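J.: Chain residues, written in single-letter form:
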Amino acid sequence: MAKEILVGKASDFKEGGKKIVPNGKTSEIGVYLVHGNWYAYANLCPHQGGPACEGLLMAKVEEVIAEDKTYQGMRFNHDEMHIVCPWHGWEFDIADGQAVADRKWSLRKFEVEVRGEDVYVLA
Amino acid sequence: MDLPTSDIHKQAVKSLDTTSLLTNAARQRDARNYDSFPIIDVDCHHYENESLSEIVKYIDDPVLKQMGMLYTGGGTGGQSPLNPGGVGYQDVSGRVTRYPLRKTETTPSDDQHRDVHLSLRWMNAMGVDYVCLFPTPMLSLGLHPQPEVESGLSKAYNRWLLENITSKEERIKTMIYVPFSDPEAAYETVKEFGDHPDVIGFMIVSVRYQAVHNNAYMKTYALMEELGKPLGFHSNYNWNDRLVGNANRFLVTHALGFTVYNALHLCNWVVNGMPERFPKLKTIWIESGLAWIPWVMQRLDNDYKMRWSEAPSLKGLPSDYMREMFYTSQPMEIPDNPDVLKMTFDMINADDQLLWASDYPHWDMDVPSVIYDLPFLDERQKRKMLGGNAIDLFNLDVSKRFPNYKPA
Chain H
1 MAKEILVGKA SDFKEGGKKI VPNGKTSEIG VYLVHGNWYA YANLCPHQGG
51 PACEGLLMAK VEEVIAEDKT YQGMRFNHDE MHIVCPWHGW EFDIADGQAV
101 ADRKWSLRKF EVEVRGEDVY VLA
Chain W
124 MDLPTSDIHK QAVKSLDTTS LLTNAARQRD ARNYDSFPII DVDCHHYENE
174 SLSEIVKYID DPVLKQMGML YTGGGTGGQS PLNPGGVGYQ DVSGRVTRYP
224 LRKTETTPSD DQHRDVHLSL RWMNAMGVDY VCLFPTPMLS LGLHPQPEVE
274 SGLSKAYNRW LLENITSKEE RIKTMIYVPF SDPEAAYETV KEFGDHPDVI
324 GFMIVSVRYQ AVHNNAYMKT YALMEELGKP LGFHSNYNWN DRLVGNANRF
374 LVTHALGFTV YNALHLCNWV VNGMPERFPK LKTIWIESGL AWIPWVMQRL
424 DNDYKMRWSE APSLKGLPSD YMREMFYTSQ PMEIPDNPDV LKMTFDMINA
474 DDQLLWASDY PHWDMDVPSV IYDLPFLDER QKRKMLGGNA IDLFNLDVSK
524 RFPNYKPA
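Residue numbers (my numbering), protein chains in the order written: chain H, 1 to 123; chain W, 124 to 531.
Certain hints may be false.
[Stated by the list, open to error] Examples of chain W residues toward chain H, derived with CB under 10 Å:
(1) Ser-129
(2) Val-136
(3) Ser-143
(4) Arg-150
(5) Gln-151
(6) Asp-214
(7) Thr-220
(8) Val-394
(9) Glu-456
(10) Ile-457
(11) Asp-487
Quick caveat, the hints were computed from the structure, so don't treat them as lab data. As the structure is a prediction and not an experimental result, all values here were calculated from the model. Backbone N, C-alpha and C define an ideal beta-carbon position, used for all residues, glycine too.
Chain H with its partners taken away, still in its complex shape (with noise of 0.2 Å):
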């Protein structure tokens, strides 16, 4: 059975916000509140081992391609958001925690509960 992590309470979290609470004694996990839902996932990137959830959020970048397929700039795209793993940049989603320039690799994700006002992680 997991464990339940209380991460605190949910009124504490503004839209786009984190926290990152301790899993164990030499693991922590990243808990998100982005476009009214919550996620979480660990704080160790798949790559080298970043601290993930530390770096920032970042919309997803876009080209924008017109008609005649001439470059026409680039954009964010708020409907996709991306934790930036700080040490390289790697990028992930965080509808899923997988690496967006390589779905193959992924942060590992955790379910949060939340129960009233408490917010929980099972980890």
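Place chain W on chain H using the hints.
T.: Chain W alone, transformed into the frame defined by chain H:
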């Protein structure tokens, strides 16, 4: 402080603390027992530009010195008389946060230089025992249109580095900057600094437009050979180069730029028979990763067999000479198929010739586990690549940290 991110979320981030950022590296260090064997980092960096006001005081030429002091004392606008480096954003627009946060990290106000404090923090976290420290913006100095600026500033840097950094911390060594744009100054640099105990070799920045086989350099190579210390070619990128200037993304500028300069110099070095002229001078190819080496080996061997008359000094295939050269590992490409990497290791005789390097604190740094966790290496091979090969090559004395060290 707040970092601008993707326009709707300015994200509050803590001040940088290298030890904290590298907590997971320290966990790897402990889990893999790195403390039980020496780890040598053959290529890491500091930001000497942050100390430029100290460095320019070491410049001999009074006119260049005055210009340098003016520039570092407040500047004269956006132009730099000392740094020819061009456009770039290695930090992936701030995603690699140690770049924008760098200046927020605090260090003790004591006799030790900030660069020593910062270096020891990441070295200790990763389990690194000794390093070879290189500059950062000065890796573009070979492009300066005034050779006298490269020679004058690099001489000042070399003096400053030995006096203020390496002499204050025995775990930090350097390969001295050789001002290659001025062959006479290059020779004088090797002569002046070559036998300094903290100088473990000589470094030529590869991003430049001078040919390594020019006769003007022969006496310098001869002196290096006589001194018994290796010559390293440290690569870089240059977005102003006419070839890679056709790339519109830094990704390409970096992926190609860091390899092609070293590839060109290595090809010239081999086909002009430099290994035959200087058989005891060992060469190191730094910060180009590994994937380019099998490419160049195959291209050179194939052409050499058809055009032997253009490389008549060689007594073997170009790849035979390349297998006797040394290579730093970073940024080590990790292909999906490990057999590809194993083949590369076999082709370059990695057991004896590969030198792990972190390149820390740069954006594409490698931690020691890139070598240690490879499934096709045994413990002896790992230890050689992480430290033993470098100890042999540089004749490093590691007795203070490993009194009972014996080569594998």
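J.: Are the hints correct? Go through all of them and say.
T.: Evaluation of the provided hints:
The criterion of a C-beta within 10 Å of any C-beta in chain H is met by Ser-129 (chain W), whose closest approach is roughly 4 Å, and the hint holds. Hint status for Val-136 (chain W): holds, given a least beta-carbon distance of 8 Å to chain H, under 10 Å. Among the interface hints, the one on Ser-143 (chain W) holds; its C-beta lies about 8 Å from the nearest C-beta in chain H, closer than the 10 Å criterion. Among the interface hints, the one on Arg-150 (chain W) holds; its C-beta lies about 6 Å from the nearest C-beta in chain H, closer than the 10 Å criterion.
Hint on Gln-151 (chain W) holds. Least Cβ distance to chain H is approximately 6 Å, under the 10 Å limit. Proximity of Asp-214 (chain W) to chain H holds as hinted, the smallest CB-CB distance being about 8 Å (cut-off 10 Å). Because the smallest distance between the Cβ of Thr-220 (chain W) and any Cβ of chain H comes to about 4 Å, under 10 Å, the interface hint for this residue holds. Given the 10 Å rule on beta carbons, the hint for Val-394 (chain W) is violated: about 36 Å separates it from the nearest Cβ of chain H.
Checking Glu-456 (chain W) against chain H by beta carbon gives a least distance of about 12 Å; that is not within 10 Å, so the hint is violated. Look at Ile-457 (chain W): its Cβ gets to within about 8 Å of chain H, closer than 10 Å, so that hint holds up. The restraint placing Asp-487 (chain W) at the interface with chain H holds, with a minimum CB-CB distance near 6 Å, inside the 10 Å limit.
Hint compliance for this structure: hints 8 and 9 are not met, and every other hint is.
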